[in-house]
Structures are given as structure tokens and as C-alpha cells.
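This is what each chain is made of:
Protein chains: 2
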Amino acid sequence: MSNIKVLPLLEPESGPESVAPCCPPLTERPFTAEEAERTARMFKALGDPVRLRLFSLVASHEGGEACVCDISDVGVSQPTVSHHLKKLKEAGLLTSERRGTWVYYRVEPSVLASMGRLLASP
Amino acid sequence: MSNIKVLPLLEPESGPESVAPCCPPLTERPFTAEEAERTARMFKALGDPVRLRLFSLVASHEGGEACVCDISDVGVSQPTVSHHLKKLKEAGLLTSERRGTWVYYRVEPSVLASMGRLLASP
Chain S
1 MSNIKVLPLL EPESGPESVA PCCPPLTERP FTAEEAERTA RMFKALGDPV
51 RLRLFSLVAS HEGGEACVCD ISDVGVSQPT VSHHLKKLKE AGLLTSERRG
101 TWVYYRVEPS VLASMGRLLA SP
Chain L
1 MSNIKVLPLL EPESGPESVA PCCPPLTERP FTAEEAERTA RMFKALGDPV
51 RLRLFSLVAS HEGGEACVCD ISDVGVSQPT VSHHLKKLKE AGLLTSERRG
101 TWVYYRVEPS VLASMGRLLA SP
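Going line by line, the protein sequences match chains S and L.
Under full-length UniProt numbering, think of the first position of the first sequence as 1, with each following residue one higher.
Under full-length UniProt numbering, think of the first position of the second sequence as 1, with each following residue one higher.
Keep in mind that the hints were calculated from the coordinates and are not lab data.
Where a beta carbon is used, it is the ideal one built from N, C-alpha and C, also for glycine.
Heads up, a few of these hints could be off.
To be verified - Taking CB as the label site, the calculated pair distances span: (1) S/Ser96 <-> L/Pro109: 20 to 26 Å; (2) L/Glu90 <-> S/Ala113: 27 to 33 Å; (3) L/Gly75 <-> S/Lys86: 29 to 35 Å.
Said to hold, decoys possible - Not close to chain L: a few residues of chain S, all C-beta gaps over 12 Å, as computed: (4) Phe31; (5) Glu35; (6) Leu54; (7) Gln78; (8) Arg99; (9) Arg117.
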């Protein structure tokens, strides 16, 4: 019998960590395929008008956080609002915390700053 | 007969001007539906990994411009490259100029700066 143990390969996490910003400004050098994959996910999340409104609503809300209960007026149903907030969370742009009945969403400031850096002019 | 003349309504231009950045930082106040529509178009254009690679390739290319003839190595055919460059142009992120056989693409610096401002932290 061999003493060699095969360690299981660790799958990359599928949480916000895996889409955390990684990359130099877009104007610095061509992105690699992997950099582009990671970064495109965040841009794609903001590439929908309803999600972008929800994102700015959370980002500008009193105390820096909002729950579905704070959101009206975006022209979509509450389940649709929840769906889009979840997408923004999956893209690493929002974090969430359940308190009592509601889930509160907050903008992840480091991600916002990194996206700003990506777009910095040379 | 009346002297009143009805002037034709001007349609908004469908060129890059119509998607020019318009809006305050995302963290300042909730976006209106119209602001979100305009801004989401730019994010959506960068929300595809191949387009993002092409964009960074053009943005970081010598002289600040590139043509399809400068682009290889992104794993898609030349017609697909052309298609994506056109999409980036339609989103107002690139400008183009034909010189001889080739169309040269250049990053629109004002748009990049404005997108950076959108993502500015409070």
C-alpha cells in the first residue's frame, strides 16, 4: 500500500471573494482572459437599468444600507427587486445581512473603489 | 389658413452622443430611470469578457489606437472582433476612423473619466 495521499483539489469559492477586483487599469495593458472574466461579471451586473437603479438606491440610502422594504418606485415587483439585489450580491457589489424579517444590503466599498481604478485614465 | 407652423420633433441622435455620460456618482442619490438607461448601456458593453479584453487592448495599444489588424490572441475570429469593436463604439466607449484599408479604434477619454466618476466613493 502506498503512503502517498491524494489531496482533493479545492474548488474556487463561488462567493463575492471570487469576483473581487483584481486588475490593473484597463488602459495599462491588455487584460488576460482570466482578468477579463472576473471583471466583466461586475460590469455585467451594472449593465441592467433596473439593477443600476437599485444599486444607486442602496448606495445613496441613509446609513449606507437598504432593504427591500425601503425600495419602491423602480417599476418592478418586490420579488423582482429581491432577485436583482441577489444578482448584485453574487457579483460582489453588495453585501447583505439578515436582521429580523428583512435582509439589508450594503455597497461593498472596496469593490467600488477598484472598479473606479479600472477606469482611471492614463 | 393658419400661420402656425408645427416644427418637427427632433429625434435624439443615436450616435455616441446619446449615450454620453450624464450622471452623478452612483452613491450620491438614486438614479432616475432615464439616467439608469443611459449609463447601463456603457456598463453592459464592458460586461462581456471578450469585449473587455478588446477594450483594454485598444486602450493600452501604442499610440492609443488599434485596428483589427493589430488584434490577435483573443480566441475569436476577425469578424467577431469587428462585431465587438462596433458594439463598443455604439456604446460610446470607442471612436473610429477609417484610414486606407483599416478602421482604427480609439478610446473616448471623456467617457472613461465619467464612468470613473460614477464609481467614485462618497
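Hints and how they fare:
Here the CB-CB span from S/Ser96 to L/Pro109 is close to 36 Å, at odds with the stated 20 to 26 Å. For the hinted restraint 27 to 33 Å between L/Glu90 and S/Ala113, the CB-CB distance of approximately 29 Å keeps it satisfied. Checked against the hint of 29 to 35 Å, the pair L/Gly75 and S/Lys86 passes, with Cβ atoms roughly 31 Å apart. At the 12 Å boundary, the C-beta of S/Phe31 falls inside the reach of chain L, the nearest C-beta of that chain being 4 Å off.
Its beta-carbon lying about 8 Å from the closest one in chain L, S/Glu35 breaks the requirement of being farther than 12 Å from that chain. Non-interface call for S/Leu54 relative to chain L: violated, since the shortest CB-CB distance, roughly 9 Å, does not exceed 12 Å. Every Cβ of chain L is farther than 12 Å from the Cβ of S/Gln78; the closest lies at roughly 17 Å, confirming the non-interface assignment. For S/Arg99, the requirement that its beta carbon stay farther than 12 Å from each beta carbon of chain L is met, with the minimum near 22 Å.
Non-interface call for S/Arg117 relative to chain L: violated, since the shortest CB-CB distance, roughly 8 Å, does not exceed 12 Å.
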